[in-house]
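If you read the sequences in order, they're chains E, F and C.
Here this note's numbering is used: position 95 in the first sequence is 95, and no number is missing along the way.
If you count the second sequence from 1, you need to add 164 to reach this note's numbering.
If you count the third sequence from 1, you need to add 328 to reach this note's numbering.
Please keep in mind that the hints were generated in silico from the structure rather than gathered at the bench.
Please read these numbers as outputs of a predicted model, since none were measured by experiment.
Heads up, a few of these hints could be off.
Stated by the list, open to error - For each label pair, taking beta carbons as the anchor points, the in silico distance ranges come out as:
1) F/Ala241 with C/Leu386: 52 to 60 Å
2) F/Ala303 with E/Arg79: 51 to 59 Å
3) C/Glu380 with E/Leu13: 33 to 41 Å
4) C/Glu430 with E/Thr43: 23 to 31 Å
5) C/Gln408 with F/Gly304: 52 to 60 Å
6) C/Glu394 with F/Ala303: 53 to 61 Å
7) C/Leu335 with E/Val101: 19 to 27 Å
8) F/Ala233 with E/Thr43: 18 to 26 Å
9) F/Thr245 with C/Asp448: 41 to 49 Å
Stated by the list, open to error - Computed footprint of chain C on chain E; a stretch qualifies when at least three of its residues, placed anywhere within it, have a C-beta under 8 Å from a C-beta of chain C:
10) 17 to 23
11) 88 to 100
12) 112 to 120
13) 123 to 133
Even glycine gets a Cβ: it sits at the ideal position worked out from N, Cα and C.
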Amino acid sequence: MVAAPGLDVAPALRQRIADLYCEYCDALDDGALERWPDFFTATCLYKVVPRENVERNLPIGLIYCESRAMLTDRIVALRQTALFAPRVMRHMISGLRVRAVEADALRVTANFTLIETLVDQPSRVFLAGSYRDVVVEDAGTLRFAEKLCIYDSTIVPTSLVFPI
Amino acid sequence: MVAAPGLDVAPALRQRIADLYCEYCDALDDGALERWPDFFTATCLYKVVPRENVERNLPIGLIYCESRAMLTDRIVALRQTALFAPRVMRHMISGLRVRAVEADALRVTANFTLIETLVDQPSRVFLAGSYRDVVVEDAGTLRFAEKLCIYDSTIVPTSLVFPI
Amino acid sequence: MVAAPGLDVAPALRQRIADLYCEYCDALDDGALERWPDFFTATCLYKVVPRENVERNLPIGLIYCESRAMLTDRIVALRQTALFAPRVMRHMISGLRVRAVEADALRVTANFTLIETLVDQPSRVFLAGSYRDVVVEDAGTLRFAEKLCIYDSTIVPTSLVFPI
Chain E
1 MVAAPGLDVA
11 PALRQRIADL
21 YCEYCDALDD
31 GALERWPDFF
41 TATCLYKVVP
51 RENVERNLPI
61 GLIYCESRAM
71 LTDRIVALRQ
81 TALFAPRVMR
91 HMISGLRVRA
101 VEADALRVTA
111 NFTLIETLVD
121 QPSRVFLAGS
131 YRDVVVEDAG
141 TLRFAEKLCI
151 YDSTIVPTSL
161 VFPI
Chain F
165 MVAAPGLDVA
175 PALRQRIADL
185 YCEYCDALDD
195 GALERWPDFF
205 TATCLYKVVP
215 RENVERNLPI
225 GLIYCESRAM
235 LTDRIVALRQ
245 TALFAPRVMR
255 HMISGLRVRA
265 VEADALRVTA
275 NFTLIETLVD
285 QPSRVFLAGS
295 YRDVVVEDAG
305 TLRFAEKLCI
315 YDSTIVPTSL
325 VFPI
Chain C
329 MVAAPGLDVA
339 PALRQRIADL
349 YCEYCDALDD
359 GALERWPDFF
369 TATCLYKVVP
379 RENVERNLPI
389 GLIYCESRAM
399 LTDRIVALRQ
409 TALFAPRVMR
419 HMISGLRVRA
429 VEADALRVTA
439 NFTLIETLVD
449 QPSRVFLAGS
459 YRDVVVEDAG
469 TLRFAEKLCI
479 YDSTIVPTSL
489 VFPI
């Protein structure tokens, strides 16, 4: 069926969801990585998986976190490591869409492209893929109960340690 | 005039149009090419044209289909050919906008960038350009009566056989 | 706080802002550079600054204009110069968001990626970054009182002479 007829989401809620994704991307693009875990519920699921695995129903992901605390740990580790050259990530989002409205959760998908810029280099495509997220109302705020980041490439970019 | 003053499109209709483009891109990005013809009316126009030709008023396009049946033929041919390496396309859409509301049709434009990912290669920009579409209500569903895909480059990417 | 709770912008105004950015990008992508100054108020601020400078609070930008007349001068100069190879720019915008509603102005931010296409070359990422704009109502039309274009790279792309 074309254009998801019948999927009726109130404009105000659509706008809040759009704002959530804006805020999420802005925090990461501004390098405010410490804010990242706050976009998730205390118990949550964050996975980064190559598309190939999703198509073959292989649940193995490159990155797997199941609580906000684990996300916080990742950021602490990332800040402490000196392995990576300074770089700027820029999130481009397209096709943000509510796919299903459940009793207490929304299933939301979107396409993303991350543009990476290293010092003294031109900007370039770093990663393209899609989000398959579960968004919930959590004490008056929309947060991710699940964020599944499916990337298109089969090679593993080293800077996948950064939040997608 | 800035920002098309006076072009008054009801929010619900704007949302349906946005959903149509989301659905269109998702189908293609998911590789569900057999769904592609269903986004068009039975009689339709699908053209892929370099920008250069549009500026010179040369109507000649690289790809030209004038019915849903022709679109279906393209997909069958595409599935049967073994010429092309497996690849993933990712549609990024920006600036979706209703340009004109006519008696029974909407003129809609948008920018697109397609990010291509081949096996064991990083993602990269494949094609950038714009859509100039005519969207109609067709038995309760929004469909493309026309989709003109104008791409910016002067070279012909071989994988233009894929739906844009 | 997630998703800017409490920032209440009427849907009609959000839509007008979205239309403003569509129109702005379309004018530039269509090569209608002479229309560019009309998107700004008579007294305005247009700056193009590397992100590095913003982070260090160095106000020095690569490009600095403080009136519509200066913007017009830029376009005249650009049209007269023969230094640059013909190219097409394509603006992709993501994460457009009203950050603050002031008495007579709106603070608006967005991410941008510019895709550049030169003759006989494939399209590629030219510039990624973000806008930090001030939008005002100017005789019934939304215009930019300020447009700050912050780009991510540290190298200076020569074609920055083009409007961002």
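What are the numbers of the hints that this structure violates, sorted from low to high? 4, 8 and 9
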